[in-house]
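Novice: Per my numbering, residue 1 is the first one in the sequence shown, and the count goes up by one each step.
Keep in mind that the hints were calculated from the coordinates and are not lab data. Note that this is a predicted model, so its numbers are computed, not measured. Among the clues, some could well be false.
Claimed, not checked - Restraint-style ranges between C-beta atoms, simulated for each label pair: (1) R148 with N126: 14 to 24 Å; (2) N126 with A60: 15 to 25 Å; (3) R136 with R93: 34 to 44 Å; (4) P85 with P139: 17 to 27 Å; (5) T129 with P38: 34 to 44 Å; (6) G132 with E14: 35 to 45 Å; (7) V79 with A131: 18 to 28 Å; (8) G109 with C72: 21 to 31 Å; (9) S66 with G109: 14 to 24 Å; (10) E14 with P82: 38 to 48 Å; (11) N126 with T156: 29 to 39 Å; (12) S76 with N126: 17 to 27 Å; (13) P110 with P139: 12 to 22 Å; (14) S155 with A96: 14 to 24 Å.
We treat Cβ as the ideally placed atom computed from N, Cα and C, and that holds for glycine.
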Amino acid sequence: MIDHARGFVAALAEVTGTIVDLGSGGGTPGLIIAAERPDLELILIDRRAGRVDVLDRMIARLGYVSRVRTLCVDASDLVSEPWAPVDAVVARRFGAAHKTLAIAQPLIGPKGIVIVSEPPAAERWNERTLAGLGLRRRPFHVPPGTGRVAVFARST
1 MIDHARGFVA ALAEVTGTIV DLGSGGGTPG LIIAAERPDL ELILIDRRAG RVDVLDRMIA
61 RLGYVSRVRT LCVDASDLVS EPWAPVDAVV ARRFGAAHKT LAIAQPLIGP KGIVIVSEPP
121 AAERWNERTL AGLGLRRRPF HVPPGTGRVA VFARST
């Protein structure tokens, strides 16, 4: 799980600013990103209050309170958030490809990226669907020993 999260960290190499982790669950990849990239601010989003409570305690214990926060909300309900746009959105095992990208796309700024777990089936990323969302797949080579991720940017 940690090795997989390092794929997200690698994909964020050129990103600065604020990152959103959709469906944070137990904190992967969000807390791994926070550990390896102390220059970033993170917003960990999960709809389950119990998970968010655990994340809040972990954030406090790790000393990340000044740069990592949580939101207990269903990601599909995110609309015109005061903290958006952000520089990147990450999602690991969040949901169906189209749903994940449709929720993430409005949250990123003009130069923002979306990073998601790479599925075993390449056809998951339908070019027509991506174009309809105003996104394009950005080439990214995942370092050996890390998890596979796909990176998307705005197509304009």
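Novice: Confirm or reject each hint.
Specialist: Against the structure, the hints:
Range check, R148 to N126: about 18 Å between beta-carbon atoms, so the 14 to 24 Å window is met. Taking 15 to 25 Å as the suggested C-beta distance range, the pair N126 and A60 does not conform, at roughly 41 Å. For the pair R136 and R93, the beta carbons lie near 23 Å from each other, so the given range of 34 to 44 Å is not met. Look at P85 against P139: about 23 Å separates their beta carbons, and that is inside 17 to 27 Å.
Distance hint check: the CB atoms of T129 and P38 are about 35 Å apart, consistent with the given range 34 to 44 Å. In this structure, G132 and E14 break the distance hint of 35 to 45 Å, their C-beta atoms being roughly 26 Å apart. Between V79 and A131 the C-beta distance comes to about 23 Å, which sits within the given range of 18 to 28 Å. Hint check: G109 to C72, Cβ distance near 24 Å, so the stated range 21 to 31 Å holds.
Roughly 22 Å separates the CB atoms of S66 and G109, a value that falls within the hinted 14 to 24 Å. In this structure the hint that E14 and P82 lie 38 to 48 Å apart at CB is violated, the actual value being about 26 Å. Under the hint 29 to 39 Å, the C-beta atoms of N126 and T156, about 19 Å apart, miss the expected range. Between S76 and N126 the C-beta distance comes to about 20 Å, which sits within the given range of 17 to 27 Å.
For P110 and P139, the Cβ-Cβ distance of about 19 Å falls inside the hinted range of 12 to 22 Å, so the restraint holds. The hinted window of 14 to 24 Å between S155 and A96 holds, with their beta carbons roughly 20 Å apart.
In the structure shown, a violation is registered for the earlier hints numbered 2, 3, 6, 10, 11, in ascending order.
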